[in-house]
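Take the given structure of chain W and dock chains X and Z to it, following the hints.
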Amino acid sequence: MSILSLRNISRSFGSLKALSDISMEIENGELRALIGPNGAGKTTLFNLVSGFFPPSEGEILFEEHSIKGMPPEKLVQRGMIRTFQVTEIFNDLTVYQNIEIAMETALGLNLRPWLSRSRRREVAREVEAMLETVNLADQARQVAGALAHGDQRLVEIAMVLSRDPRLLLLDEPTAGMGDEETHRMTELIRHLHRERGIAMLFIEHDMNIIFDVADRITVLDNGLLLAEGTPSDISGNADVQAAYLGTEA
Amino acid sequence: MSGTESTVPAASFGATPIMRLLPSLIIWSLLLSVPFWMPLVGGYTALASRVLIFGLAAMGLNLLLGFTGGLSFGHAAYFGLGAYGTGLMLKFVSGSTPLAIVVGVLVGGMAATVFGLLTIRRRGIYFAMITIAVGQMFYFIAVRWNSLTGGEDGLTGFSRTNIGFGQAVLNLHHTITFYYFTLFFFAIGCAVVWRVLHSPLGHTFVAVRENQRRLRFLGLSVGFYIWIAFALSGTVAALAGTLYALLNNFTSPQDLNWLLSGDFVIICVLGGMRTFWGPPLGATIYVVVQDYLSSITVNWMAFIGALFVVVVLFFPFGLLGLLQRRSSQ
Amino acid sequence: MELLLFNIFNGLIVGLFYALMALGLSLILGLNGIINFANGSFLALGGYLAFTLKPEIGFWGALVASPLLAGLIGLVIERGLIRPLYGRDPLYSLLLTFGLAMIIQTMLRMTWGANGLPFKVPDFMSHPLSQTYFFLTGYRVFVVVLTILAAGSLFALLQFTRVGVRIRAGNSDLETVSALGINIYRLRAVNFGLGILMAGLAGVLAAGRLGLTPTMGASLLMPSFVAIIVGGVGSLMGSVLGGIIIGVASGIVTTYYPAASQVVIYLIMAVVLIVRPRGLLGQEGLLE
Numbered sequence: 002m003s004i005l006s007l008r009n010i011s012r013s014f015g016s017l018k019a020l021s022d023i024s025m026e027i028e029n030g031e032l033r034a035l036i037g038p039n040g041a042g043k044t045t046l047f048n049l050v051s052g053f054f055p056p057s058e059g060e061i062l063f064e065e066h067s068i069k070g071m072p073p074e075k076l077v078q079r080g081m082i083r084t085f086q087v088t089e090i091f092n093d094l095t096v097y098q099n100i101e102i103a104m105e106t107a108l109g110l111n112l113r114p115w116l117s118r119s120r121r122r123e124v125a126r127e128v129e130a131m132l133e134t135v136n137l138a139d140q141a142r143q144v145a146g147a148l149a150h151g152d153q154r155l156v157e158i159a160m161v162l163s164r165d166p167r168l169l170l171l172d173e174p175t176a177g178m179g180d181e182e183t184h185r186m187t188e189l190i191r192h193l194h195r196e197r198g199i200a201m202l203f204i205e206h207d208m209n210i211i212f213d214v215a216d217r218i219t220v221l222d223n224g225l226l227l228a229e230g231t232p233s234d235i236s237g238n239a240d241v242q243a244a245y246l247g248t249e250a
Numbered sequence: 020m021s022g023t024e025s026t027v028p029a030a031s032f033g034a035t036p037i038m039r040l041l042p043s044l045i046i047w048s049l050l051l052s053v054p055f056w057m058p059l060v061g062g063y064t065a066l067a068s069r070v071l072i073f074g075l076a077a078m079g080l081n082l083l084l085g086f087t088g089g090l091s092f093g094h095a096a097y098f099g100l101g102a103y104g105t106g107l108m109l110k111f112v113s114g115s116t117p118l119a120i121v122v123g124v125l126v127g128g129m130a131a132t133v134f135g136l137l138t139i140r141r142r143g144i145y146f147a148m149i150t151i152a153v154g155q156m157f158y159f160i161a162v163r164w165n166s167l168t169g170g171e172d173g174l175t176g177f178s179r180t181n182i183g184f185g186q187a188v189l190n191l192h193h194t195i196t197f198y199y200f201t202l203f204f205f206a207i208g209c210a211v212v213w214r215v216l217h218s219p220l221g222h223t224f225v226a227v228r229e230n231q232r233r234l235r236f237l238g239l240s241v242g243f244y245i246w247i248a249f250a251l252s253g254t255v256a257a258l259a260g261t262l263y264a265l266l267n268n269f270t271s272p273q274d275l276n277w278l279l280s281g282d283f284v285i286i287c288v289l290g291g292m293r294t295f296w297g298p299p300l301g302a303t304i305y306v307v308v309q310d311y312l313s314s315i316t317v318n319w320m321a322f323i324g325a326l327f328v329v330v331v332l333f334f335p336f337g338l339l340g341l342l343q344r345r346s347s348q
Numbered sequence: 005m006e007l008l009l010f011n012i013f014n015g016l017i018v019g020l021f022y023a024l025m026a027l028g029l030s031l032i033l034g035l036n037g038i039i040n041f042a043n044g045s046f047l048a049l050g051g052y053l054a055f056t057l058k059p060e061i062g063f064w065g066a067l068v069a070s071p072l073l074a075g076l077i078g079l080v081i082e083r084g085l086i087r088p089l090y091g092r093d094p095l096y097s098l099l100l101t102f103g104l105a106m107i108i109q110t111m112l113r114m115t116w117g118a119n120g121l122p123f124k125v126p127d128f129m130s131h132p133l134s135q136t137y138f139f140l141t142g143y144r145v146f147v148v149v150l151t152i153l154a155a156g157s158l159f160a161l162l163q164f165t166r167v168g169v170r171i172r173a174g175n176s177d178l179e180t181v182s183a184l185g186i187n188i189y190r191l192r193a194v195n196f197g198l199g200i201l202m203a204g205l206a207g208v209l210a211a212g213r214l215g216l217t218p219t220m221g222a223s224l225l226m227p228s229f230v231a232i233i234v235g236g237v238g239s240l241m242g243s244v245l246g247g248i249i250i251g252v253a254s255g256i257v258t259t260y261y262p263a264a265s266q267v268v269i270y271l272i273m274a275v276v277l278i279v280r281p282r283g284l285l286g287q288e289g290l291l292e
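Protein chains in written order, with the working numbering: chain W, 2 to 250; chain X, 20 to 348; chain Z, 5 to 292.
If you are wondering where the hints come from, they were derived from the structure by calculation, not from laboratory data. Wrong hints could be hidden among the right ones.
[Said to hold, decoys possible] Covered stretches of chain X, as calculated for chain Z (at least 3 residues, CB under 8 Å):
| hint | segment |
| --- | --- |
| 1 | 152-159 |
| 2 | 328-340 |
[Unchecked claim] Derived list of chain X stretches under chain W, where covered just means 3 residues or more per stretch with a C-beta under 8 Å from a C-beta of chain W:
| hint | segment |
| --- | --- |
| 3 | 204-218 |
| 4 | 225-231 |
| 5 | 235-244 |
[Said to hold, decoys possible] Computed spacing ranges between beta-carbons, pair by pair:
| hint | chain 1 | residue 1 | chain 2 | residue 2 | range |
| --- | --- | --- | --- | --- | --- |
| 6 | W | Leu-17 | Z | Ser-157 | 31 to 39 Å |
| 7 | Z | Ser-176 | X | Ile-304 | 39 to 47 Å |
| 8 | W | Asp-180 | X | Leu-342 | 38 to 46 Å |
We treat Cβ as the ideally placed atom computed from N, Cα and C, and that holds for glycine.
Isolated chain W, as found in the complex (with noise of 0.2 Å):
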């Protein structure tokens, strides 16, 4: 089954036509790259899967129903969830607040003015393993704006984790990190893929975390869907090798 299918989307501002005619499915549990030079479009099919705005032309399905229009709130409680390519995060909290608000969202008690203890309990325990999971342990009690810009990142996907996405987009998940991060990163990628069999689509610039560990490969171009494949498939395309490969290595 697929978790995620874009049906002949299309989308312009005013003229100029940023998306045309664009069909993808995303299996449950698939690890997507979506690839392209910039401008390609790839941000706005971010925006439009997202729900901050709705598609000129076409539908999107996720898990087989209608999403075209739904706010970004109701696509989240469904379960499909973003991050951004600027971090968005609660820069004067806590790494730990961050994720604690995340998780009381999750369980649904933000009218709460009260927590039983157990409640409290249950809530420091989840934010403490979701700590865990991405590795900031260390850091929880840093102001999440003044963190190295890779952990600022990390502090968004426990955020986002928190509510416990079957589908999640990464907005360049790597951008502006450095080699050591980098892999961290990759990692805790591989590792929500494995062992939660989370379902991601991401945008992604470095040629080798794509090759590395994506199951397939959307290359946009233009607004147009150029290529789709295995990366086996994408890096033998020779129309992708043209268009984006060639000028990017």
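This is chains X and Z only, laid out in the frame that chain W set:
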């Protein structure tokens, strides 16, 4: 410890319990002993009641302003509606002070709940403009509805009444007794705000202030929580307003005016918007300074205006904010 | 019927004062990103300056000179106090201009006194133009014409001059404008001065109609906010339209139920916010 720790105090960490309780202990002992030391420093007890009332109103506002990040310039409306609700109740319906307080809180709180829905339709600077305008609407109603409110001259002809408990009587006409009466409600207000801030609800408010986009992309509708904060914050301000009517045995359209809303905002900023005790501290300074200035010059408003300018340009984080920053460096 | 017409026309005049004030507020709100609480005080300042200048340079001289002077004072204040606040939380500029309003208002009272002062307009304008429609005095017609002229020149300035085009561009996309090497600080200063100029002009005109008091601006300020909300934030045309609508509506209600003449303004605002939150001519998502 980081400077922003107190914005969402997580139960799981902090300094030792004694160190965390110490400031509160000092504050409460100072407040409880006001009638004993106030005359020594040249003040009078009614002034202390005024400080508490303004502190409570500002603390209510700050739930929205400092913690949720909603720029309300119209909270005098809910304060004033609380005052009018209490005054009208005492004057026309029943002489019971507790009942008048309940009615005042309900009137102001309901208005905040209903008109909060209107203001949350926009964000940012636009939100501020709507809160100002909505607040001013109540001002004009109070001015024009002469037969009920006494118009420009204000509502007179009511006074707080004693409360009887069987044989015992709480003599509210006595200034010091009324101070403790006010302190009791101030404490209730503090407890409510403190409770909220240390709960998932308060955490959500702070999250609204910090990053609405992320909150939305965690699955929450942001406007709903701004509305809740608005309603809560207006209700606390209304409680302060009822006490103000009882303190003065009088209420006037000035208690609803945007100038008073501005006073509440500057009190929050002056004390430290992101701190729990900032608004009461700001109220202490502001009320005392205003009281002093207005006793020595008719042009006191120019000095208050200058205070606004100085705070904005030189103390944007407020006194407690400044302290926090110092200690975190 | 005459009473209704009388009140509508009166409402229109007051609405035009709202509109002029709202225009200035809107300009400053757009490019400078601040709600200028002191606009009302600048309006009063314009009126009082005209009162003092009139014996020296006559009504017409004062009509031109005092808005300019008010604008100049606005420029100085922008340079010294407002400029440090750009890019900071709008809370701070709100509070600062709030404080400024108090300071200026007190200074007006100290200089010219707390009591109202009359501001006489030239004799030939104070006579009714028609026997039946006694309220159509020359001055009122003059106010209408001059407001149209002022708003028209402002729109022409924004449409056809280089600085105007930049102000409009800056409204919609400040980053791009600064990337083009345009000095945003100077642009904002000019814009602030223009906004105050509008307030000053409204002040002179309002003085001739309503007389002078230190608080005259404060009482026009709130309806001007409403005019902006009704007309739509970000639309200058909307501000003018909003001002006229609430002025006239208030005039009509005065005829039938005078006590509600102010409250109706806020009712209109509430209806607009419920039915069309972005305002009559507003754009979505501006200044949020």
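**Prompt:** Which hints from the list above does the structure break, by number from lowest to highest?
**Reply:** none
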